[in-house]
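Just so you know, the protein sequences line up as chains A and B, in that order.
At position 136 of the first sequence the residue is numbered 136 (the working numbering), and the sequence of numbers has no breaks.
One gets the working numbering by counting positions in the second sequence from 1 and adding 167 to each.
Among these hints, one or two may not hold up.
[Said to hold, decoys possible] Restraint ranges, calculated between C-beta atoms of paired labels, are given here:
no., chain 1, residue 1, chain 2, residue 2, range
1, A, Arg-56, B, Gly-796, 18 to 26 Å
2, B, Glu-759, A, Arg-56, 54 to 62 Å
3, B, Gly-291, A, Arg-26, 23 to 31 Å
4, B, Ala-576, A, Ile-30, 50 to 58 Å
Hints were generated in silico from the structure; no laboratory data involved.
Every value quoted in this text rests on a predicted model; they were computed, and no experiment measured them.
Every residue, glycine too, gets a C-beta built ideally from N, C-alpha and C.
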Amino acid sequence: MRAILAVLLENEAGALSRVVGLFAQRHYNIETLTVAPTEDLTLSRLTLTTTGDEDRIAQIIKQLDKLVEVISVINLCSDEHVERELLLVKVRAEGEARQEVKRSADIFRGQIIDVTSDTYTVQLVGPSNKLDAFILAIGENGAEVTILEVVRSGVSGMGRGNRVLSV
Amino acid sequence: MSITANKWQLNDEDGDFFYIGNSECEGRFRRDDGYVHLVFRQGRKSALLIQVFRDWNMTEMLSGGDMLIRSLQDEGVEYIFGYPGGSALHIYDAIFRQQKIEHILVRHEQAATHMADGYARSTGQPGVVLVTSGPGATNAITGIATAYMDSIPMVVIAGQVPRDLIGTDAFQETDMVGISRPVVKHSFMVRDASEIPGIVKKAFHIATTGRPGPVVIDVPKDTTDPAETFEYDYSKPFSLRSYRPAYEGDMDQVKAAVAAILEAKRPVFYVGGGVIQANAKESLRALVRAVGAPVASTLMGLGAYPGTDELSLGMLGMHGTYEANMAMDETDLVIALGARFDDRVTNNPDKFSPKAKIIHMDIDPASINKIVDSQIALVGDGQWVIEAIWSEYQTQLKQRSAHQTDSQAEQLSDWWQQLNGWRKDHGLNHNLKPEPGKAILPQLAVQTLYRVTKGDAFVSSDVGQHQMFAAQYYHFDEPRRWINSGGLGTMGFGLPAAMGVQMGSPGAVVACVTGEGSFMMNMQELSTCLQYGLPIKIINLNNQALGMVKQWQDMQYGGRHSQSSYSDSLPDFKTLVEAFGHVGIKVSDASELDAAMEWAFSEENKNRLVFVDVWVDPHEHVYPMAIKGGAMRDMILSKTQTSGGA
Ligand SMILES: Cc1ncc(C[n+]2csc(CCOP(=O)(O)OP(=O)(O)O)c2C)c(N)n1
Ligand SMILES: [Mg+2]
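Bound-form chain A, shown alone:
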């Protein structure tokens, strides 16, 4: 089961290392992790994706909650939510293939944010599986297109409607 954990924690030195340390120590895996201060600068918001069965996810949440600096934790996947991830992919594409890449980017509503004579850098925002699909689609363009570099931001997310994570 995939879980997207949204964590509100004190924006203090060392707080992030406690979260990461907990995952290492208890052999929980981290698939993606993003963190930044919120509009209230004393708080950081962290979004983390992990996998495990129901018991394991419940245990991860409880262990996170036990950290003194963690204020609240929810599993976004346990209810309706929105999730987004940012992808930047740089491809080498020449000749005919350049059109193919551009078309794929359009279909996925990606933007080309950097161009040279033989490369494109495409930016795409969306749920993680859409980014996966895009990377696959680009790769299927044959030998003329080579993926040079991929960088993903990791998932950020929020509950839908009135579902709010707050202090």
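Keeping the supplied structure of chain A fixed, place chain B with the ligands upon it in accordance with the hints.
Quick look at chain B with the ligands alone, frame taken from chain A:
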């Protein structure tokens, strides 16, 4: 020392005296007893300056080092267990200039942490440790981890290199916050000296509330610099919005728990160290007696319910009694109070209490459903929850028909018949007799200790066979009497822990049941015992081997004793302790055991540390022993007998 206040001003400084004055009064004050006494020219003759500061709404100015020690004083700390070094020297100077807190100088930092731990376990008050940076800090890690695993309140202050050297691989720099992170409840790094009182206050709060545990404070040397002073006010409240331990449990769950108890035919209380931590002894006793169900105690829970009481089945788990483990297997309702289903208790969790519904109370939500799923979960303070169960029990009892009550009484009596049968079949024999000319059974040594101390001693232990024999054969009727490293299983814990116990309870009888292997891990503390006159009685169950390791090798490795013996090179312990200024006695014949033990605890030795080197049968194994991977009923009962289906 300097003072700032709108109404007061420092007039002059002359040696030890400071002259201050304002329009209303004038006076001088001097350092005395760690406090500053104000001597007025008119009116009151003298007053504590601290009081004056409060009365006159003034703030005291102290250096970081002084603030640290004053904060500890204001927390009511009696002892600091520690060892000095470069990064901690400003703090040590602050200790020198006061008399309220006594500093106990150990011989190894690990021992300081175990002493603080023993002090905390026996008194319920947090233990305090002070070490220097680098090796001082890393030496403390084992003791911090020991306290962490058993949820013991402790505050560890570690010196650190000055802030501008952090991250440069400076001399004796180590990332203490990083190294200790997996084994602390929380930790702080002092970033600015002015934060010190607030950090100390938070550290004590976190260490002692909720599920207790060790808290580390890393203090860079320059934040304790005597040259810089700051406003000191310990009464300032702090905010910790992210830390709100549960206190009250959920009343619906309490009601469900009571309904289950009233339905149960074969209930059993499974009691752990959490009940002791919650100081819930009275409530537990009232509840157990009202229900009339048996009590199986974890290694950590011994004493929460009286060991000699007829409802007590003794310890459960890997080396638990036959009757306790059988009860856990047969029960239809496990009432787990302050216990965490440790693997040394449950054996194979998939086969744990197969017929039972489980009620689980713990202060830590993360303990619930971690190993074994419970049907009724009670998260909250032990005392609150047990009391709530008790009073709800009284309420629901009244609503029951006479028929219901009778039929439950009948079922309970059948259950007790079964329990007593198990007890009779394979219970531990507590009436062992010495056989003259024969090797001493280690169990007999503990039984003798129990008799001689009338069951009223504090007993610390180390790790190994001797620890299990102590747990099985010494009955604890009170909580906080059995002091042992259950979670981490730290050899070397026993002696320093006993020392901490003795510091916390100066007049009490304190025994340390140890093994020669464990004792040698921290025996340097014999020197500390002499320095502080600690009359501990060390009962060394000397089997000339790492007995527990050897037992496993006997049972699982075809008797191949890989690296578990040193019998040719053991020291003469009597001479050894004499060299440290104590007295010792060696016993190897069963007929001498009584006399030796009596002598150790005699009036003559009241104020002396005595080491009783008991040469026990080296071939003895600890039984019962859980069969790996089995259910709780699956036990090896002796070298020739097993129980259960495995
Ligand atoms: C610090 C540490 N190292 C290793 C162990 C593993 N261990 C558990 S029991 C034991 C043997 C203990 O020997 P001793 O203290 O003589 O006790 P005995 O079992 O002989 O009674 C060992 C090595 C441990 N628990 N702690
Ligand atoms: Mg031994």
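Which earlier hints can't be squared with this structure? Going through the list in order, the structure violates no hint and respects every one.
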